[in-house]
Structure formats: structure tokens, C-alpha cells
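Modelling step: build the complete structure from the supplied sequences, incorporating the hints.
If you want the building blocks of each chain, they are given just below.
There are 2 protein chains.
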Amino acid sequence: MNRALSIRSNKNSNSSSGARHGFSFSSLRGTVQPELSKKLYKLIKSENHLIQNYEAAGKERLSIASQLSDWGEATTDEAISDISDKIGVLLSELGEQEDLYAHNLDDSRAILKTIRNTEKSVQPSRDSKARIQDDIAKLKAKEPESAKLVTLEQELVRAEAENLVAEAQLTNVTRQKLKEAYAAEFAATIERAEKQIILARHGRRLLNLLDDTPVVPGDIRPAYEHTNQARQILNDAEDDLKDWQPELEDVPSNAELNDNLMPSSASQRQQTLEGSVMGGESVGHHVAGEHLEQNADGSRISSGTSVTTGPVTQANYPQSESVVSAVA
Amino acid sequence: MNRALSIRSNKNSNSSSGARHGFSFSSLRGTVQPELSKKLYKLIKSENHLIQNYEAAGKERLSIASQLSDWGEATTDEAISDISDKIGVLLSELGEQEDLYAHNLDDSRAILKTIRNTEKSVQPSRDSKARIQDDIAKLKAKEPESAKLVTLEQELVRAEAENLVAEAQLTNVTRQKLKEAYAAEFAATIERAEKQIILARHGRRLLNLLDDTPVVPGDIRPAYEHTNQARQILNDAEDDLKDWQPELEDVPSNAELNDNLMPSSASQRQQTLEGSVMGGESVGHHVAGEHLEQNADGSRISSGTSVTTGPVTQANYPQSESVVSAVA
Numbered sequence: 001m002n003r004a005l006s007i008r009s010n011k012n013s014n015s016s017s018g019a020r021h022g023f024s025f026s027s028l029r030g031t032v033q034p035e036l037s038k039k040l041y042k043l044i045k046s047e048n049h050l051i052q053n054y055e056a057a058g059k060e061r062l063s064i065a066s067q068l069s070d071w072g073e074a075t076t077d078e079a080i081s082d083i084s085d086k087i088g089v090l091l092s093e094l095g096e097q098e099d100l101y102a103h104n105l106d107d108s109r110a111i112l113k114t115i116r117n118t119e120k121s122v123q124p125s126r127d128s129k130a131r132i133q134d135d136i137a138k139l140k141a142k143e144p145e146s147a148k149l150v151t152l153e154q155e156l157v158r159a160e161a162e163n164l165v166a167e168a169q170l171t172n173v174t175r176q177k178l179k180e181a182y183a184a185e186f187a188a189t190i191e192r193a194e195k196q197i198i199l200a201r202h203g204r205r206l207l208n209l210l211d212d213t214p215v216v217p218g219d220i221r222p223a224y225e226h227t228n229q230a231r232q233i234l235n236d237a238e239d240d241l242k243d244w245q246p247e248l249e250d251v252p253s254n255a256e257l258n259d260n261l262m263p264s265s266a267s268q269r270q271q272t273l274e275g276s277v278m279g280g281e282s283v284g285h286h287v288a289g290e291h292l293e294q295n296a297d298g299s300r301i302s303s304g305t306s307v308t309t310g311p312v313t314q315a316n317y318p319q320s321e322s323v324v325s326a327v328a
Numbered sequence: 001m002n003r004a005l006s007i008r009s010n011k012n013s014n015s016s017s018g019a020r021h022g023f024s025f026s027s028l029r030g031t032v033q034p035e036l037s038k039k040l041y042k043l044i045k046s047e048n049h050l051i052q053n054y055e056a057a058g059k060e061r062l063s064i065a066s067q068l069s070d071w072g073e074a075t076t077d078e079a080i081s082d083i084s085d086k087i088g089v090l091l092s093e094l095g096e097q098e099d100l101y102a103h104n105l106d107d108s109r110a111i112l113k114t115i116r117n118t119e120k121s122v123q124p125s126r127d128s129k130a131r132i133q134d135d136i137a138k139l140k141a142k143e144p145e146s147a148k149l150v151t152l153e154q155e156l157v158r159a160e161a162e163n164l165v166a167e168a169q170l171t172n173v174t175r176q177k178l179k180e181a182y183a184a185e186f187a188a189t190i191e192r193a194e195k196q197i198i199l200a201r202h203g204r205r206l207l208n209l210l211d212d213t214p215v216v217p218g219d220i221r222p223a224y225e226h227t228n229q230a231r232q233i234l235n236d237a238e239d240d241l242k243d244w245q246p247e248l249e250d251v252p253s254n255a256e257l258n259d260n261l262m263p264s265s266a267s268q269r270q271q272t273l274e275g276s277v278m279g280g281e282s283v284g285h286h287v288a289g290e291h292l293e294q295n296a297d298g299s300r301i302s303s304g305t306s307v308t309t310g311p312v313t314q315a316n317y318p319q320s321e322s323v324v325s326a327v328a
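Heads up: the protein sequence lines correspond to chains A and B, in order.
Yeah, the first sequence ends on 328 if you go by the UniProt record's numbering, and it's all consecutive.
Yeah, the second sequence ends on 328 if you go by the UniProt record's numbering, and it's all consecutive.
A few chain A residues that face chain B, going by a derived Cβ cut-off under 7 Å, partial list only:
no., residue
1, ILE87
2, ALA168
3, LEU210
Honestly, the hints are just simulated from the structure, not real lab data.
We treat Cβ as the ideally placed atom computed from N, Cα and C, and that holds for glycine.
Right, here's the structure in full:
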């Protein structure tokens with residue numbers, strides 16, 4: 001790991017300003033993401049490719065495992081036949097773990113989508129505020145006495161309040177979900193690793209049952225007598241996998257968010273604000289708010305012994321599936 | 001791992017007999033493998049796909065890592081910017097480990113090729129013996145008194161002796177290399193796993209530097225003060241990776257093969273046999289023998305502290321590259 005302690009690309013010095021203004025045709029095409037959610041949209045797409053690679057690797061492993069077993073049988077060497085078959089069993093379990101890893105990555109990816117969806121929903125609030133400011137500036141230049149200015153100023157106050165809420169929701173969701181998504185991803189990485197270590201170590205024990213002492217032409221090899229031992233190693237591996245428990249550094253969360261993505265302790269204060277601003281179309285509320293209603297018991301990482309990441313969103317919320325399928 | 005303790009497919013009950021006779025058109029097409037090496041040929045091909053999946057996963061990880069860092073910067077939230085960048089560093093190292101794993105799998109795959117090449121080279125010896133037996137049977141039926149019968153019987157004795165050597169070479173190579181290939185593969189699995197555990201555990205520590213306490217609209221978050229701590233976690237991860245040492249169950253080998261794929265203790269006895277049989281075209285010697293000449297210090301698994309797998313073949317022997325490229 002002897003690289004720079006940052007991997008940030010230097011090419012995007014213009015993108016942080018671009019994030020504020022670059023929404024020129026976001027409303028024209030359904031598939032085009034608003035500027036604010038573009039980066040995460042792409043990242044989530046890449047994560048999907050990553051997951052597909054692991055799924056493919058898992059499948060290939062299963063195929064190789066059974067090919068190895070079949071090859072071993074065809075050698076008509078009893079020792080090779082037995083050992084190759086048992087190694088095949090371990091390899092296919094390695095493949096299953098790869099597949100489980102892919103699924104766990106997908107859960108983590110779903111958590112990132114919550115951030116992306118909130119980003120997406122915050123964009124119109126920024127746009128709306130900017131548009132009204134723009135309208136006021138134009139009108140002031142053209143008709144400084146226009147009665148419409150008063151209406152616009154009132155609209156701006158509402159839009160600003162709405163945007164203030166939206167931005168608070170965004171930072172709340174972003175911090176909580178980023179933490180949650182990568183806590184889950186690292187937990188999944190540790191799970192795959194620890195289980196595969198169990199399998200690989202028993203695999204090396206298995207190999208020791210294969211006598212590779214060379215013979216000279218015409219010699220007959222001594223009979224293979226390790227069938228039971230080989231079977232026992234598989235049993236040991238199975239037992240070890242069953243006994244496996246996650247032992248993880250705690251990643252606690254302070255995010256006690258209400259459905260409105262505001263802190264629950266401040267919900268009364270928020271209630272007032274919401275009453276005055278978020279009349280018919282509270283921004284960010286529809287997309288991200290619903291996810292947080294089902295904080296029943298949390299995702300897979302909170303089922304670990306020492307991990308209490310606080311309220312965790314389930315991966316499959318029917319509400320957001322339409323958004324999800326457009327991306328996936 | 002609650003599956004049957006064998007993964008053998010039941011469909012190939014005919015293949016072990018087929019392995020003896022099914023070489024009908026193996027000489028007509030260069031790419032067609034003789035029956036004997038067909039299964040391993042396919043397995044090695046599948047292993048190549050597996051390796052490609054891991055290479056692709058490694059690349060995708062690197063891309064995601066840098067995307068995450070760029071996204072974090074664009075949020076203009078200093079805490080998210082720093083944490084996402086550092087997580088990106090850990091993710092990219094996870095990707096590097098995935099790539100290293102792919103390379104190690106490729107080394108193991110190269111060891112399996114030694115078996116396949118020997119299988120391939122043994123086939124003509126079996127064919128030749130069978131053909132002479134066939135010729136004798138036919139001639140005996142047609143011209144029992146033919147003088148050619150004596151010549152053929154002499155040829156058969158030579159062919160049988162040659163085949164005896166070939167089959168001994170095959171079993172010697174198969175057992176040794178099977179053990180070696182999977183000892184390497186399991187060692188690589190353990191290496192990836194242990195290193196990724198290091199990275200993931202430090203990743204979870206990093207996440208704890210991100211305060212996800214929610215804010216209410218208009219609140220300003222307290223300044224981010226964990227830059228040094230975050231940097232220290234990366235340094236810790238780097239140190240742990242540097243300190244990593246393989247701790248593996250020993251997989252000792254008894255295979256002390258000479259260049260002729262015979263036990264070195266029996267080399268004198270073998271010398272006699274070889275002198276009488278293996279005149280111009282010793283079977284299996286050219287293809288597999290050369291690999292064993294470079295047993296200098298062994299492959300990557302024998303560089304571990306406790307692993308002494310005995311003579312190990314280097315992955316890149318120029319001699320076999322032509323065969324390799326036809327397969328890959």
C-alpha cells in the first residue's frame with residue numbers, strides 16, 4: 001500500500017461549481033441524472049459491475065469444483081479421485097461464499113441508493129430557489145415597481161426555507177448512509193475472508209492425505225486408506241463454518257432520524273418549520289423519507305455480535321424499486 | 001456447507017472407458033485435445049475465466065474507489081470529503097489484493113498445465129501400444145505364419161515398456177502437481193483473505209471518525225477535526241500489510257522427481273530401463289520434464305514461513321508458452 005494517502009483525481013476542479021449550475025437539461029430526459037446525483041449514480045452503476053464479477057466468479061468456481069471432481073474420477077487413481085472430489089466440495093463452498101459476498105455488496109449498494117435518491121430530490125429545491133432569485137433580479141431591472149415583486153419575494157422566502165430543510169435532510173442522510181453502507185461492505189469483506197480462510201486451511205489439510213511419493217515403472221501404489229480422514233476434514237470445515245460468528249469493531253451511529261430526515265430530538269422544532277414551509281410538496285421527503293419508516297431491526301450488519309449501527313434501512317423497500325430499476 | 005460430501009456428477013460413467021479409446025480424431029485437428037487431457041484442458045480454461053473475473057473485479061474496485069473520493073469532494077462537506085477519500089484508498093488496496101489473487105490463481109493454473117501436458121504426451125504411448133496389439137491380432141487371423149509377426153511382437157514389447165514408463169511419469173506428475181497447485185491456490189486464498197481483513201477492519205475504524213449526528217435546518221456542523229487520526233489509520237493499515245506473514249499448515253511433498261519424472265532414489269534402476277526403451281522419442285519427457293529442471297527455490301507458497309512443499313515449478317517456463325497460448 002505504498003501509494004499516496006489520497007486517491008482523488010485532480011481533474012475535476014470544475015465539478016464542485018458545476019454541481020450548482022449544471023442541470024441544464026436534467027428535466028428533458030428521464031434517464032439523465034441531475035448534476036447533484038450524477039457521481040453517485042455512476043458509482044452505484046460501477047458497484048453493480050463489481051457485483052456481477054463476483055457472481056460470475058462464484059459460478060465459475062462451482063463449475064471448476066465439479067470439473068475437478070470428475071477429472072479425478074477419470075484418472076481411476078483412488079487417492080486422486082477421493083481427494084479431488086473433497087477439494088471440489090471445498091472449492092464449491094468457496095464459490096458459495098463469493099456469491100454471498102456479491103449479495104452483501106448489493107445490500108450495501110442499496111444503502112448508497114438512499115443517498116443518491118435524496119440528492120436527486122434536493123436538486124429541484126436548489127433549482128427552484130435559484131430560478132426565483134433569477135426572476136426577481138430580472139424583474140427588478142425591467143420593472144422595479146412591479147407588484148409581482150412582492151409575490152416573488154414571498155415565494156423566495158418559502159423556497160429558501162424549503163431548501164434549508166432539503167439541505168439538512170441531505171447532510172443527515174448522506175453521513176448516516178455513507179457510514180452504514182461501508183460498515184456493511186467492510187463487514188461483508190470480513191465475513192467472506194474469514195469463511196474462506198476456514199475452507200482454505202482445511203483444504204491444505206486435505207492435500208496432506210495425498211501421498212506424492214513417486215513410483216518407478218511397473219510399481220503398484222499402496223492402497224489409499226484415508227477416505228475416513230478426508231471425510232472428517234470436510235465435517236470439520238462444515239462445523240467451523242457453522243460456528244463462525246462476526247467479531248467486528250463497533251461502528252456506532254448517532255443518527256436518530258425521524259421520517260422527515262430530521263433529528264428526533266428536534267422534531268418539535270422541526271414540526272413548526274415544516275408546517276410553514278412544506279405544504280404540498282416537501283422536497284426530499286417522498287423519496288428518502290419512506291425508507292426510514294421501516295427501521296424495524298436493521299440490516300445484516302446489525303445482526304453481528306458487536307455491531308450496533310443504529311437504525312438501518314432494509315435493502316428492499318418496494319417504494320423505491322421504480323427508481324432502482326431505472327438505474328440497475 | 002450443508003450439502004452432500006461429494007460434488008461428483010453422475011453423468012460420466014462412460015468416460016473412464018472412453019478415456020482409453022476415444023482418440024479417434026485427435027490427430028486431425030491441432031486444437032482438439034486427446035481424450036486423456038480433455039477434462040483438465042477444460043478445467044484450465046474455466047480457471048482462466050475465473051481469473052478474468054477477479055481481474056475485472058480488481059479494476060472495478062479501483063474505479064469505484066476513485067469515484068467515491070471524487071464524490072466526497074463534490075459534497076463540499078469536509079468530513080465526508082476526507083473520510084470518503086481515505087476509504088477510497090482502502091478500497092483501492094482491496095482491489096489490488098483482488099488483482100494479486102488473480103495472479104496467484106494464474107500461477108496455480110500453470111502448475112495444473114504440467115499435469116495436462118503430461119496427460120497429452122502419454123496418449124500417443126497408449127495409442128501406439130493399442131495399435132500394435134491390434135495389428136498383431138489382425139495379422140494372426142489373416143496370416144498366422146507371417147514373418148512380420150515376429151517384428152510386431154518385438155515392437156509390442158518396446159511399446160509396452162515405453163508405456164509403462166509413461167504411466168509412471170503420469171502418476172508421479174499428477175500427484176505431485178495436484179498437491180502443489182491446490183496448496184498454492186489455498187495459500188493465495190488465505191493471503192487475500194487475511195490482507196483484506198486488515199483493510200476492512202481499519203475501514204470500520206475510519207468510519208467511526210464520521211459524526212452522523214443529524215442537524216436541523218440552518219444548523220452548521222461542528223468543524224471536522226479528525227484529519228490526522230484518519231491519516232494515522234491509513235498508516236496503521238499500511239504497517240499491518242507490511243508486517244503480514246503467511247502462517248500456513250505445512251503441505252510437505254515426498255516427490256523428489258528427476259528430470260525424467262522418476263524418483264531420484266530409483267534413478268539408477270530407471271537409467272537401465274530408459275536406455276532400452278526411450279530411444280528417440282521418450283514420451284512425456286519433452287513436455288513435462290523441462291519444467292522440473294528449474295526447481296531452484298520454488299514458487300510463492302514455499303516462500304512462506306512454514307510451508308515447505310518441496311520442489312516447485314516456476315509459473316513461467318518459456319518452453320511451454322507455445323502450448324499455453326494455444327489454450328489460454
